[in-house]
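So the protein sequences, as listed, match chains A and B. Counting in the numbering used here, the first sequence runs from 1 upward without gaps. Counting in the numbering used here, the second sequence runs from 1 upward without gaps.
Note that these hints are calculated values from the structure, not bench results. Any given hint could turn out to be false.
[Said to hold, decoys possible] Think about it this way: if two alpha-carbon atoms lie no more than 27 Å apart in a straight line, the pair counts; the simulated DSS-like pairs of lysine-lysine are:
1) A:K239 to B:K13
2) B:K88 to A:K225
3) A:K89 to B:K155
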Amino acid sequence: MNVTIPFEHRMSAHCETGTLSSQLAFHGLTIPESLVFGIGSGIFFGYFNNSRFAFPTFIVRNKPGQIRKNLSDRLGIKFHAESFKTPEKAQAGLDKILEKGIPVAVQVDFFFMEYLPQYLRVHINVHFINVVGKNGNNYLISDCYHPKIVELDEQSLMKGRFAGGNMAPEGFLFYPEFIPKEFDWPKAVHKGIKKACFYMLKIPIPFLGVKGMRRFGRHIVEWPKLAINSEDLSHQLSKINVLLEDQGTGGAGFRFMYATFLKKAAEILEKPALNDFSKQMMEIGDNWRGVSLYAARLGRNRDFEREHLLELGKLIDKQADREEAFFKALSKSI
Amino acid sequence: MKEKDVIHDYKVKKYIFYAEKEDGSYGPVEGGSYMIENELDDFWFKKSHLEKTLRAQLLKGEISPVQYYMVLEEMTVAELADRSGVCKVRVKKHLKPEGFRKTHVSDLEKYAKAFDVPVANFFQIIETSSGLNPNYHFYFEDEARKDKVRVIQQKTENPLMVVTKTEERTQ
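For reference, chain A alone in the conformation it holds in the complex (with noise of 0.2 Å):
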């Protein structure tokens, strides 16, 4: 089978919005990636600390897909999305959609994505990329992560699409399939923005939003107690910059574009005081950035000593606290 779907390839900071963003363009509807993330409540924050992980690690941003699920209820898109239960299933699904020239976004394990660098490639569910054709037994894969289209063989694909574990992908594809004309844009950022408060503040979980902010800030310092030798400690606490920085957050853990996207919001709404908010979310985002380099550092120079690790506590403590000031007083204004 060959086929090639003339799909303009972009990169992105973050897979699921600039995934979406790319699909979106193909069928017509412009809308930039930050504008995805907010309308999508993309931002948020999770402390976990159990036996599903072998360390304990944090989320930046919402549950994968739910920005899509979001968007799709705020602005009327519709989804064709779609799970298999066997990979030879899933590579007919995958097919007979790419035959009728659509491209269509799948959700894979890192690790199978064999273009990726090597440190990248780690065993998490979470990647979503397009798939924009097919070339005898290789699939033309846009990864917003990678500066252009990649051929990528079919066992690898089905490997990534099948790779259980975790939020397992079950060969989960979706494309859009309705797009309205015309949009309701102020509604949706309002409950964008409105979702997005409710989770960093009033979620009930004490794991979530700033309240996992203060756990993490806490528990920080018990660490060394977790870690199998101080190499292991040392790559733990460089994962912190890994997960704030690296890992497609467009940098300081997703508040760099959630400023951007306020900055739309203020146009959208025609409420210049979300331009005072965007600000002062930049300047949240340099002090995760602080938090990020810092923790970078101390594992760098494999220095472990308590009075270090209560300041990097402290450090995330102090997001907790103007996150929580923050969005309280973006809840009321909006």
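Fit chain B to the given chain A structure using the hints.
Same frame as chain A, but now just chain B:
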């Protein structure tokens, strides 16, 4: 973040960051990541050291091959059980060398699929002249380039068999 604070002279990988531009607007900017540009050597050092420690333990018979691959690929017992389809209690048993002796071949096949390695590699370590395990060549590609030959493991129609051969390195 200001646009000027983004690492513009990146060498390893291009990323997209959101930053304040000179005209005061906010938007995406191309740049390099601090960790990837500065700390990648430390990351590889830790990873290769971990592999060497685990390999020494494995060859002494202190850990089982399942644990070797599980730790290297950063999985938990629950995650491995989920990915392979072997139940958690059995995975725990197979992590110990004495438990591994009683593994069924059908279980090994499932593990091999989850780790993406040939079944044969649960019973052998293939080393090249630079002391690397070819399974993890993709982790240590720069080091592996020093070798004159490269080891290739070709899958066959029989899921239990693999053809291992050496090839002249061209690049």
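- Query: Looking back at the numbered hints, which does the structure fail to meet, lowest number first?
  - Reply: none
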